[in-house]
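J.: Just so you know, the protein sequences line up as chains A and B, in that order. For the first sequence, numbering that gives the first Met the number 0 assigns the number 409 to the last residue and increments by one with no breaks. For the second sequence, numbering that gives the first Met the number 0 assigns the number 409 to the last residue and increments by one with no breaks.
Hints are computed from structural coordinates only; laboratory data are not their basis. The structure displayed is predicted, hence computed values, not measured ones. Please note that a few of the clues may not be correct.
Claimed, not checked - Stretch-level coverage of chain A by chain B, calculated; a stretch enters the list once three of its residues show a Cβ under 8 Å from a Cβ in chain B:
1. 57 to 63
2. 350 to 356
Claimed, not checked - Using 27 Å as the maximum straight-line C-alpha spacing, the simulated BS3-like pairs for lysine-lysine come out as follows:
3. A:157 / A:189
4. A:313 / B:406
5. A:189 / A:136
6. B:132 / B:210
7. B:406 / A:176
8. B:369 / A:369
9. B:132 / B:237
10. A:176 / B:405
11. B:185 / B:139
12. A:136 / A:157
13. B:369 / A:313
14. A:216 / A:185
Heads up, the beta-carbon is just placed ideally off N, CA and C, and yes, glycines get one too.
Residues per chain are reported as follows:
Protein chains: 2
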Amino acid sequence: MRRGGKALILVMDGVGDRPTEALEFRTPLQVARKPNMNWCARHGSNGIMDVIAPGVPPGSDTSHLAILGYDPSEVYTGRGPFEAVGVGLTGKNGDVAFRCNFATVDDEWNILDRRAGRIGGPETVELSNVLGKIRIKGVKIIVKEATEHRAVLLLRGKELSPFVSDVDPHLLARVAKSTPLVPKAKKTAKAVNDFVRESYLVLKNHPINQKRVDQGKPPANILLPRGAGSFPRIQSIKDKYGVESACVAGVSLVKGVCGLCGMEVVEVTGATGGLDTDMNAKANAALKLLDSKDLVLVNVKAADIASHDGNHEKKVEVIERLDRMVGLIRGSVSPDTIIVLLADHCTPVQLGDHSGDPVPVSICSNNTSKDGVEAFDEVSASLGGLGRIRGKDLMPILLDKMNMSKKFGS
Amino acid sequence: MRRGGKALILVMDGVGDRPTEALEFRTPLQVARKPNMNWCARHGSNGIMDVIAPGVPPGSDTSHLAILGYDPSEVYTGRGPFEAVGVGLTGKNGDVAFRCNFATVDDEWNILDRRAGRIGGPETVELSNVLGKIRIKGVKIIVKEATEHRAVLLLRGKELSPFVSDVDPHLLARVAKSTPLVPKAKKTAKAVNDFVRESYLVLKNHPINQKRVDQGKPPANILLPRGAGSFPRIQSIKDKYGVESACVAGVSLVKGVCGLCGMEVVEVTGATGGLDTDMNAKANAALKLLDSKDLVLVNVKAADIASHDGNHEKKVEVIERLDRMVGLIRGSVSPDTIIVLLADHCTPVQLGDHSGDPVPVSICSNNTSKDGVEAFDEVSASLGGLGRIRGKDLMPILLDKMNMSKKFGS
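Please put together the full structure from these sequences, using the hints given.
T.: What follows is the structure, given as structure tokens:
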């Protein structure tokens, strides 16, 4: 069998949406000017994809696992470990990892800002260092900053369990207590609660926070863990499919998923995981990786951020920037390289959260069937020749188009 | 996440069909004048649905289970218990329930009319009372009339088994003997056969039947049990999905399915489950229920009856009546209420029975993508943006459109 082409998957995080009155019952993708995405749609096969299953809103972690061909119900163990790997922490067997937010609370631990004003940069590096010095009996504490207000907490010790509840209540309420979800998790829940109390004591009067208060900014005076998980054993993409792969992403969660799947995770200057991310830098990094890899996944978070912020105009603007990125990619790759455009989930602006709507998918190369679809959007894609597929079917379909699939039978 | 809209599912029982020469190779849905259903199609997402699986003809019980999000292969235990709950019989653990027909037999038990001229009303109430007085050793007998010629038999006693064959041969043949399908079912099969013999003895000379014979009507001189089943334990829709739900239906089987799924089953005057049913009364009842419920399912049996009767013209006429019902509904609900039009199965008139063809589905509200489909029929729907889905995926899709789904991952 001829070993074949290469593929670039562009995950436009949360780009799918629903028709909304604010846009005259069209979606941001339908409204935005996006000649390059439409070019891909016209030169490829289009469809819609239930990333997990029909009607099930995916997280960004479970969605990327599915897109990479894994069954999230088999390998997903909670957000923590994926976030940990994404920030460069190597977990050991028995470790329990948590995704955390730096947050702002009052004296009675009522949450005033779940993201401490989206603090980030050198401030969270310094505060994470301080938190890493906290001592809890019988448990080693490791803290590492992630994008913006995010951080990772790793507990290492004997008889720890990932089955503990979140301290972060996910809304503006009082900080919750972590409770054991199974009897064996008592020690872990206590360690988490002890750590959170210590984090408040260490952070509340820290000079960085005093300075933030002076500047009228919300202080990052507590760390709120959630998404406990142990480190899953995931067969690498190389072992599973025989392809060399790499990932370009700004947010640590996606880096973590790709890292745990054995992809090379490339750091790109300017890839912030925020609205200010340098999309062209990411495109150029991906194009360079295609020289040596079979498969490159690029995640751009910006459309999802605009959606969570409830901003239609911003989302349309992000889509038009993404389109220029697609233009750069399609102008640079060889014509038999497969370009896949898709979202990891829909994030309707009006909802401000992930939905379970299917995402649009376009698979385009000069060897792909053209199905007459003229535009890359939720409705046009739904009428395309790819039909309605599942997230975990994408990789097998792609491998086959790369002439790297294995025959079943003879 | 914002809790969202409400949904009304209109199950047009057996409305799907196949192209037939009698209608110039079109289907009744393609022929009927139905501006309101077409309005829904134009303002919504359309698709086709394999209610159970491709090519598998669903029963009305298994189809409604699937439409409500259950896997019939897990929860379906036979028709009897669903029919029993539908007529208001509460089954105990260990009971075995049968769906039955009042039928007409000759002296040698050859069946002359499987439905005793579609007897019903006060006659079957009286005859069921008489049958309930039959005594079988070690088994308590409960008989209750259902719609038209239908009734329910419930056996209560020790060591009963649902694994017995049907007495009703489902065609014009000799009455069959119930046989045990497993060794432990011997007692039950004997009880059923004893009961059927007694039913003949009690019914053949009953004054009601003497009067029927005098009037030239077929007598209901035997009761034929079939569809033995034990009472399944089904997680309620409230527990499964967190929604408050109700059902409006004429036929007891659908009432029973909805009742066993924990839905409020509302009795509507004029909802007969027959061709004479008051569709507007059902629509109005459903609209009123939407004030307090998240989800309302309405079943109208009429199109299925016309199909079983092999009457194309009648089916077209029923569809046009159904269309006026859809008009009443769409003119009354708020624009963000989701209207779902579908069939529970196809019942091609030419076949006179359920087929495994996929059914057309239209999901319509002002927040649903419009996919360019212009009409509600089998072919138009198959070209729509919803693609080809499975019955049990409908509820998750609907819950997500109601903003009541749960994210998997983060």
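J.: All the hints need checking, so say for each whether the structure fits it.
T.: Each hint, compared with the structure:
no.: 1; hint: 57 to 63; in the structure: holds (count 6)
no.: 2; hint: 350 to 356; in the structure: holds (count 7)
no.: 3; hint: A:157 / A:189; in the structure: holds (14 Å)
no.: 4; hint: A:313 / B:406; in the structure: holds (24 Å)
no.: 5; hint: A:189 / A:136; in the structure: holds (10 Å)
no.: 6; hint: B:132 / B:210; in the structure: holds (22 Å)
no.: 7; hint: B:406 / A:176; in the structure: holds (22 Å)
no.: 8; hint: B:369 / A:369; in the structure: holds (23 Å)
no.: 9; hint: B:132 / B:237; in the structure: violated (38 Å)
no.: 10; hint: A:176 / B:405; in the structure: holds (22 Å)
no.: 11; hint: B:185 / B:139; in the structure: holds (16 Å)
no.: 12; hint: A:136 / A:157; in the structure: holds (11 Å)
no.: 13; hint: B:369 / A:313; in the structure: holds (24 Å)
no.: 14; hint: A:216 / A:185; in the structure: violated (36 Å)
Hints 9, 14 from the earlier list are contradicted by this structure; the remaining hints agree with it.
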